[in-house]
Structure formats: C-alpha cells, structure tokens
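These protein sequence lines map, in sequence, to chains A and B.
Residue 113 in this note's numbering is what sits at position 113 of the first sequence, and the numbering runs on without skipping anything.
Residue 332 in this note's numbering is what sits at position 40 of the second sequence, and the numbering runs on without skipping anything.
Please keep in mind that the hints were generated in silico from the structure rather than gathered at the bench.
The C-beta atom is built at its ideal place from N, Cα and C for all residues, glycine as well.
Just so you know, not all the hints are guaranteed correct.
Stated by the list, open to error - Covered stretches of chain B, as calculated for chain A (at least 3 residues, CB under 8 Å):
#1 312-320
#2 368-375
#3 405-413
As the list claims (entries may be wrong) - Pairs of lysine to aspartate or glutamate residues, derived as DMTMM-like cross-links and limited to a Cα-Cα distance of at most 25 Å, are as follows:
#4 352(B) to 515(B)
#5 78(A) to 362(B)
#6 352(B) to 385(B)
#7 352(B) to 406(B)
#8 396(B) to 173(A)
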Amino acid sequence: MLLQQLVNGLTLGAVYTLIALAFSLVMGILSVLNLAIGELFMLGGYIGFAVIAMHFPLPVALAAGMAGAAILSVVIQKVAYEPLRDAPLVTPMLSTLGFSIILQNVVTNVWGSDPLQLPSEMFDNRVALGSVDIGVMQLVVVGATVALVAIVAYIVQQTSVGRALRAVAESREVARLLGVSVNRVTLVAFLISGLLAGAAGVLISLHYAAITPYIGVDIGLKAIAVMVIGGTTRVFGALIAGPLIGIVEVFTIAYGGSQIRDLVVYGLMILILLLRPQGLLGGSRQDVGPRV
Amino acid sequence: MLTVRGLEVFYGPIRALRGIDLDIHAGEIVALIGANGAGKTTAVRAIAGLTPFRGTITYKGRPLIPNSAEMNLRAGLSLVPEGRGILGQMTVDDNLQMGIYCRKDRADAAHDIERMFDRFPILRERRASLANLLSGGEQQMLAIARALLSRPNLLLLDEPSLGLAPKTTAQVFDLITSLRSEGLTVLLVEQKARQTLKIADRAYLIETGHVVMSGRAADLANDSLISKAFLGGTSVATAETA
Numbered sequence: 001m002l003l004q005q006l007v008n009g010l011t012l013g014a015v016y017t018l019i020a021l022a023f024s025l026v027m028g029i030l031s032v033l034n035l036a037i038g039e040l041f042m043l044g045g046y047i048g049f050a051v052i053a054m055h056f057p058l059p060v061a062l063a064a065g066m067a068g069a070a071i072l073s074v075v076i077q078k079v080a081y082e083p084l085r086d087a088p089l090v091t092p093m094l095s096t097l098g099f100s101i102i103l104q105n106v107v108t109n110v111w112g113s114d115p116l117q118l119p120s121e122m123f124d125n126r127v128a129l130g131s132v133d134i135g136v137m138q139l140v141v142v143g144a145t146v147a148l149v150a151i152v153a154y155i156v157q158q159t160s161v162g163r164a165l166r167a168v169a170e171s172r173e174v175a176r177l178l179g180v181s182v183n184r185v186t187l188v189a190f191l192i193s194g195l196l197a198g199a200a201g202v203l204i205s206l207h208y209a210a211i212t213p214y215i216g217v218d219i220g221l222k223a224i225a226v227m228v229i230g231g232t233t234r235v236f237g238a239l240i241a242g243p244l245i246g247i248v249e250v251f252t253i254a255y256g257g258s259q260i261r262d263l264v265v266y267g268l269m270i271l272i273l274l275l276r277p278q279g280l281l282g283g284s285r286q287d288v289g290p291r292v
Numbered sequence: 293m294l295t296v297r298g299l300e301v302f303y304g305p306i307r308a309l310r311g312i313d314l315d316i317h318a319g320e321i322v323a324l325i326g327a328n329g330a331g332k333t334t335a336v337r338a339i340a341g342l343t344p345f346r347g348t349i350t351y352k353g354r355p356l357i358p359n360s361a362e363m364n365l366r367a368g369l370s371l372v373p374e375g376r377g378i379l380g381q382m383t384v385d386d387n388l389q390m391g392i393y394c395r396k397d398r399a400d401a402a403h404d405i406e407r408m409f410d411r412f413p414i415l416r417e418r419r420a421s422l423a424n425l426l427s428g429g430e431q432q433m434l435a436i437a438r439a440l441l442s443r444p445n446l447l448l449l450d451e452p453s454l455g456l457a458p459k460t461t462a463q464v465f466d467l468i469t470s471l472r473s474e475g476l477t478v479l480l481v482e483q484k485a486r487q488t489l490k491i492a493d494r495a496y497l498i499e500t501g502h503v504v505m506s507g508r509a510a511d512l513a514n515d516s517l518i519s520k521a522f523l524g525g526t527s528v529a530t531a532e533t534a
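Please build the complete structure, drawing on both the sequences and the hints.
Structure follows, in structure tokens:
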C-alpha cells in the first residue's frame with residue numbers, strides 16, 4: 001500500500017515538476033509569472049486527446065500537444081508579454097491571466113465543459129512489481145518527465161542558448177553587452193515553457209484517461225506552489241518540490257481523505273515559505289525573487 | 293575611429309549630457325575624467341548602446357543606432373561596465389563562453405579562450421568557480437578577458453579600478469597599456485586621474501555634462517585646473533619629482 005501510493009505520488013509529482021519547470025523558466029529569466037501556463041497545459045491535454053481519438057500513437061499525441069502549446073506560448077509572448085515588457089511586473093502577469101481565461105473559454109466552446117473521457121482500457125496495461133501495481137502510463141509519465149527534464153537541463157547548462165538564458169536571467173544589460181538578443185532569448189524561454197506545459201497536459205490527461213477545461217486552474221496553481229517551494233530564483237527547484245508535493249498529496253488522499261488534500265498541500269507551502277522564504281533550493285534568505 | 297558630436301542624454305527631465313564632442317583615433321588610449329556624476333559613465337553607456345541619445349556617434353564612418361548594444365558589439369565595440377558586469381551565478385568558464393557568444397568562428401573562438409587562460413592563468417585555475425567567488429582583481433581580469441573575446445577594435449572601460457587595491461589597480465593599468473601596444477583602441481573612464489593621465493594619450497575632462505577641457509594627457513596632467521580638481525593640487529610631473 002505504502003509503495004503503491006509512493007508510485008502514484010511520483011507520477012503526479014512528475015507532472016507538477018514539468019509544469020513548475022514551465023513556470024520557473026519564464027519566472028526565473030523574466031521575473032514574470034505567466035499565469036496562462038496552466039491553460040497551455042490544459043490545451044496540450046486536449047490536443048493530445050484529439051490526436052489519440054484519431055487513432056494516432058502516443059508519441060504523435062505527445063508531439064502534437066507540445067507543439068500546440070509551444071506555438072500558443074509564443075503567441076502569448078508576442079501579444080501578452082512583449083508589448084508590456086517595460087511595464088510594472090504585475091501588468092504582464094494580469095495580461096497572461098486574461099489570456100488564460102480566454103483560452104479556457106475557447107476550449108469550453110470547442111470541446112464543451114463536460115469532461116472528455118477515453119475508453120478506460122485504452123492505456124490500462126499494468127505491470128506488477130511485487131506488491132506494487134504500476135500502470136504502463138505511469139511509467140510513461142515518469143519516464144517522459146525524466147527525459148524532458150534531462151533535455152532542458154542540458155540545454156540550460158551546456159548550450160550557448162542556455163548560457164544566454166542564464167545571462168539574461170542574471171543581468172539583461174550585461175547580456176546585451178555580450179551580444180545577446182533579449183527578445184530572442186525571451187522567445188526561447190516561452191517556447192520551452194510551452195513545450196513542457198503541453199507535454200505535461202498530454203501525459204496527465206492520458207494517465208487519467210479524462211480531461212476537463214478546468215484542469216489547468218487546479219494543477220496550474222499547485223505547480224506554482226511547487227515552483228515557490230523549490231525556490232522561484234532556482235529553475236531546477238521543481239525537481240525536488242514536484243515529487244514532494246505529489247507524494248504529500250497522494251498520501252493525504254490515501255490516509256486523510258481527499259477533502260483535506262489542498263489544505264495539506266497549500267499549508268505545507270505556507271509553512272515552508274515561513275521557514276525558508278527563498279524556497280528549498282534558494283540561496284540566502286534574501287534570495288526570494290522580485291516583489292510583484 | 294569614433295566621432296561623437298553633440299551627444300545629449302536625458303534621464304526623464306534631467307539632461308545628463310549637454311552636447312559633448314569626442315574624437316578617438318585608432319591605437320590610442322583616450323581617457324574621460326571627471327568627478328562623480330559628471331556624465332562620464334552616461335557618455336560611455338551611450339556609445340556602447342545601452343542608453344538612448346541625441347546627437348551623432350559615428351564608428352568607422354557609420355552612425356551608431358541609439359540603444360543597440362548587441363549591434364555595437366558585432367560592429368567591434370565592447371564595454372566593460374562599471375562594477376565589472378560579471379555574471380556571478382555563472383562559472384568563470386561560462387562567463388568566457390559568453391564572451392564568444394556572438395562569434396561565428398567557433399574553433400578560433402575556442403582557441404582564443406585558451407589564449408586568455410594563458411594570459412590570465414588565475415582564470416584557468418578558477419575556471420570551474422562561480423564568478424562571484426573571485427576576488428575584485430580576478431573579476432576585473434575576467435571582465436576584460438570576456439570583453440576581449442569578442443575581438444573588439446574599441447574597448448570601453450568604465451572605472452576598471454573601482455574597488456581595487458592599489459597593487460591590483462596598477463596591474464589593471466599595465467594591462468590596458470599592453471593592450472594598446474597590441475593595437476587595441478581604448479576609451480577609459482576613470483576617477484583616478486593621476487594614474488589615468490599617465491597611461492592615456494589624450495583626455496577629456498567632463499563636468500556637469502560638458503567637456504570643459506581636452507588635449508594631450510601629458511599636457512592635462514600639468515594643467516593647474518586639473519591638478520587642483522583631481523590631483524590634490526600637485527601636477528603629475530611635480531608628484532613624480534617629489
């Protein structure tokens with residue numbers, strides 16, 4: 001039972017990690033909370049659903065969901081962020097909030113407000129490992145998350161584009177002096193962020209074999225909590241905080257009841273913020289990111 | 293190489309530069325000296341492309357577009373900003389890699405990094421360290437090395453001696469002199485007028501956004517106005533004799 005819940009928690013945590021990383025890339029580099037990421041995640045899920053419904057294999061659904069969310073993320077960068085780049089930080093944040101509401105509305109009108117469901121047997125293959133019963137889709141979720149996080153880590157840490165991303169995150173002015181086009185780097189951050197959110201949407205919706213237009217709000221808010229717990233100034237803080245929150249949530253549901261899961265998750269977030277406002281991976285106590 | 297005419301910079305309603313003219317010729321060290329707040333940093337930031345300006349700045353016969361630092365770097369201007377502009381959360385290696393960010397000749401650029409390590413051996417020793425863990429002098433070496441990696445024709449240095457011990461300051465000034473002997477043109481913004489005028493070929497004195505005096509550095513070093521304002525009433529020549 002304990003191991004089974006641990007696996008379930010890691011699966012949910014993997015998805016939180018991907019979305020929190022999507023938030024974190026934009027937040028860490030531009031100090032902007034892109035509130036539309038939750039809806040990019042939701043949209044990725046719907047696209048994945050639609051592709052699976054057309055009998056394409058899972059990798060195609062994953063690629064389509066990622067591409068759709070990434071393209072929309074670039075549109076958000078161009079329309080909701082770029083024109084407001086020099087405005088107070090709260091302004092682009094509100095602009096992305098507006099975008100997220102529009103997206104939810106569009107999806108509700110296209111696919112309806114009722115949950116869409118796949119035939120339950122579609123991704124229901126399971127593997128027994130001793131007393132633990134693992135769904136193949138759970139393995140796919142965790143495996144794809146590990147692969148995507150590794151790719152993002154490689155890009156950010158080892159490539160010229162990644163160094164430029166980090167340079168802009170640290171000092172936009174110095175980055176410009178070194179020949180970095182801040183606009184191009186910003187676009188890359190939004191693009192990667194959209195790819196991750198879209199992937200998370202496809203993975204979680206196929207794992208649950210169901211999706212609703214409101215999934216982005218619930219899971220998106222938790223992913224923000226994950227980012228904050230990991231440390232808003234540390235892009236990879238989500239790698240610790242995501243699995244932690246996933247496991248805490250699943251254990252709370254299993255042993256305390258689903259009616260208190262949000263109380264426990266957000267209570268934990270507040271507790272960690274009181275004890276370590278910089279988050280688990282943040283540096284000094286002052287390392288808390290910008291005030292909005 | 294660089295001609296500045298009628299340069300004006302505004303910070304909101306404040307006119308920080310009031311129409312200054314500068315000329316920098318290839319292969320010389322030109323100094324901008326003046327008190328704190330005189331407008332030296334504003335001028336060099338405008339030339340580097342970090343600040344919108346009025347007037348004209350012509351580099352190698354082509355006018356520079358205001359506030360276009362990325363293009364200016366590619367044209368051959370590289371600024372080491374006041375405070376060094378080190379990317380402290382990145383390693384020494386990453387900082388140097390950022391120095392070749394805009395270069396297309398990746399193989400040559402990689403060799404240039406090795407040459408910088410030969411020139412500044414301490415950077416090779418500390419290549420895996422976070423840049424903010426270096427000493428002030430090491431950070432200044434890193435900042436200059438990084439700027440040189442873009443292969444500039446004109447190096448702009450804003451207060452390179454700021455916060456450095458006298459011995460380290462002397463090393464930085466020796467380095468600037470050796471860069472000139474290698475053919476690099478340098479625009480040096482400094483408050484340490486005495487040392488600056490010793491290594492510069494020509495200098496401009498800026499006060500409240502105006503150029504109030506210019507000429508050969510050796511002449512300015514002996515000028516009574518300069519010596520009164522910046523050299524504690526003693527000219528460079530007198531100080532050296534003493």
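Hint-by-hint comparison with the structure:
Under a criterion of three residues with beta carbons nearer than 8 Å to beta carbons of chain A, the stated coverage of the segment 312-320 of chain B fails, only 0 such residues being counted. Remark: the segment 368-375 of chain B is confirmed as covered by chain A, as 3 of its residues place a Cβ nearer than 8 Å to a Cβ of that chain, reaching the required three. Counting residues of the segment 405-413 of chain B whose beta carbon lies closer than 8 Å to any beta carbon of chain A gives 0, which falls short of the minimum of three for the stated coverage. At most 25 Å may separate the alpha-carbon atoms for a hinted pair to count; residue 352(B) and residue 515(B) exceed this at roughly 32 Å.
Using a Cα cut-off of 25 Å, the hinted pair residue 78(A) and residue 362(B) holds, with the two alpha carbons roughly 21 Å apart. Annotation: proposed proximity of residue 352(B) to residue 385(B) is violated, straight-line Cα distance about 32 Å (limit 25 Å). Distance hint between residue 352(B) and residue 406(B) is unfulfilled; the C-alpha atoms sit about 30 Å from each other, more than 25 Å. In summary, the hint linking residue 396(B) to residue 173(A) is supported, as the alpha carbons are separated by about 22 Å, within the 25 Å threshold.
Violated hints, listed in ascending order, are 1, 3, 4, 6, 7; each of the other numbered hints is respected by the structure.
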